[in-house]
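S.K.: Given these sequences and hints, build the entire structure.
Number of protein chains: 2
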Amino acid sequence: MKYLHTMVRVTDLEASLRFYRDLLGLKETRRIENEKGRFTLVFLAPEGQEDAPVELTYNWDPEVYTGGRNFGHLAYEVDDIYAFCDKLQKAGVTINRPPRDGHMAFIRSPDNISVEILQKDGSLPPQEPWASMPNTGVW
Amino acid sequence: MKYLHTMVRVTDLEASLRFYRDLLGLKETRRIENEKGRFTLVFLAPEGQEDAPVELTYNWDPEVYTGGRNFGHLAYEVDDIYAFCDKLQKAGVTINRPPRDGHMAFIRSPDNISVEILQKDGSLPPQEPWASMPNTGVW
Numbered sequence: 001m002k003y004l005h006t007m008v009r010v011t012d013l014e015a016s017l018r019f020y021r022d023l024l025g026l027k028e029t030r031r032i033e034n035e036k037g038r039f040t041l042v043f044l045a046p047e048g049q050e051d052a053p054v055e056l057t058y059n060w061d062p063e064v065y066t067g068g069r070n071f072g073h074l075a076y077e078v079d080d081i082y083a084f085c086d087k088l089q090k091a092g093v094t095i096n097r098p099p100r101d102g103h104m105a106f107i108r109s110p111d112n113i114s115v116e117i118l119q120k121d122g123s124l125p126p127q128e129p130w131a132s133m134p135n136t137g138v139w
Numbered sequence: 001m002k003y004l005h006t007m008v009r010v011t012d013l014e015a016s017l018r019f020y021r022d023l024l025g026l027k028e029t030r031r032i033e034n035e036k037g038r039f040t041l042v043f044l045a046p047e048g049q050e051d052a053p054v055e056l057t058y059n060w061d062p063e064v065y066t067g068g069r070n071f072g073h074l075a076y077e078v079d080d081i082y083a084f085c086d087k088l089q090k091a092g093v094t095i096n097r098p099p100r101d102g103h104m105a106f107i108r109s110p111d112n113i114s115v116e117i118l119q120k121d122g123s124l125p126p127q128e129p130w131a132s133m134p135n136t137g138v139w
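Protein sequences appear in the order of chains A and B.
Read in the working numbering, the first sequence has 85 at position 85, and its numbers run on one by one without any break.
Read in the working numbering, the second sequence has 98 at position 98, and its numbers run on one by one without any break.
Don't take each hint at face value.
Copies of the same chain are indistinguishable here, so a pair counts whether it falls within one copy or spans any two.
Stated by the list, open to error - For lysine-lysine, the following DSBU-like pairs were computed, each having C-alpha atoms within a straight-line distance of at most 35 Å: (1) K90 <-> K120; (2) K2 <-> K120; (3) K27 <-> K90; (4) K36 <-> K87; (5) K2 <-> K90; (6) K120 <-> K87; (7) K87 <-> K2; (8) K36 <-> K120.
Hints were generated in silico from the structure; no laboratory data involved.
M.R.: Structure below.
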């Protein structure tokens, strides 16, 4: 179990970089431009704390974020995403986005905070029942 | 500039401890019970990452969290809270909760994400114009 990041959605990447980078003083540690998904991710962390970044998600197609959707999620890495999701599911937690790809899952806290679960070192081979499990709700 | 925590508000502390502690496997690193303020704060972090906790805020008097208020804030520690807030203010950022006490301030990101700024090593002596500056809006 390793903390990875806190993600927030932003509607104006330049304005957000001015705020988080230029004003707060965080350093950009990683950037992903995904043309197919039409989004940009920018990770920003304090000097010396590269393992505690805030992740800015900028979707190229504008969306108005209401109802708290500008807050994204907390993200944690686990040793075995299948064993982890199995434990949660048996405890009554809905796996909103099952780890079909052996890589990523989403759940929600009792107060509806979105939590991303990522497989350590990438992904495990696809495995049932996860591989064919549909999504439930949103996250 | 040091990342301190991500805060989320919870309506049922026991249900949240079952989720974050028992199911996700985070360890409780610190707890503050404030009778006067009628709230409990519980910090939970992965083993070995005590500097990257999620902070659960449990207000004893029930409140329905809508509009994303269940997400609280990102928190960072700074070397000089007055110099930091001065820089932000001069750049056009509203200091929603000025550091009247030399200890704590709140601002918001361009997308309205609440950011807490805390003075390193506690607090500085009260100082104008901050000491008599009123709050602006909510955070």
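S.K.: Determine which of the earlier numbered hints do not hold for this structure and return their numbers in increasing order.
M.R.: Per hint list: zero violations.
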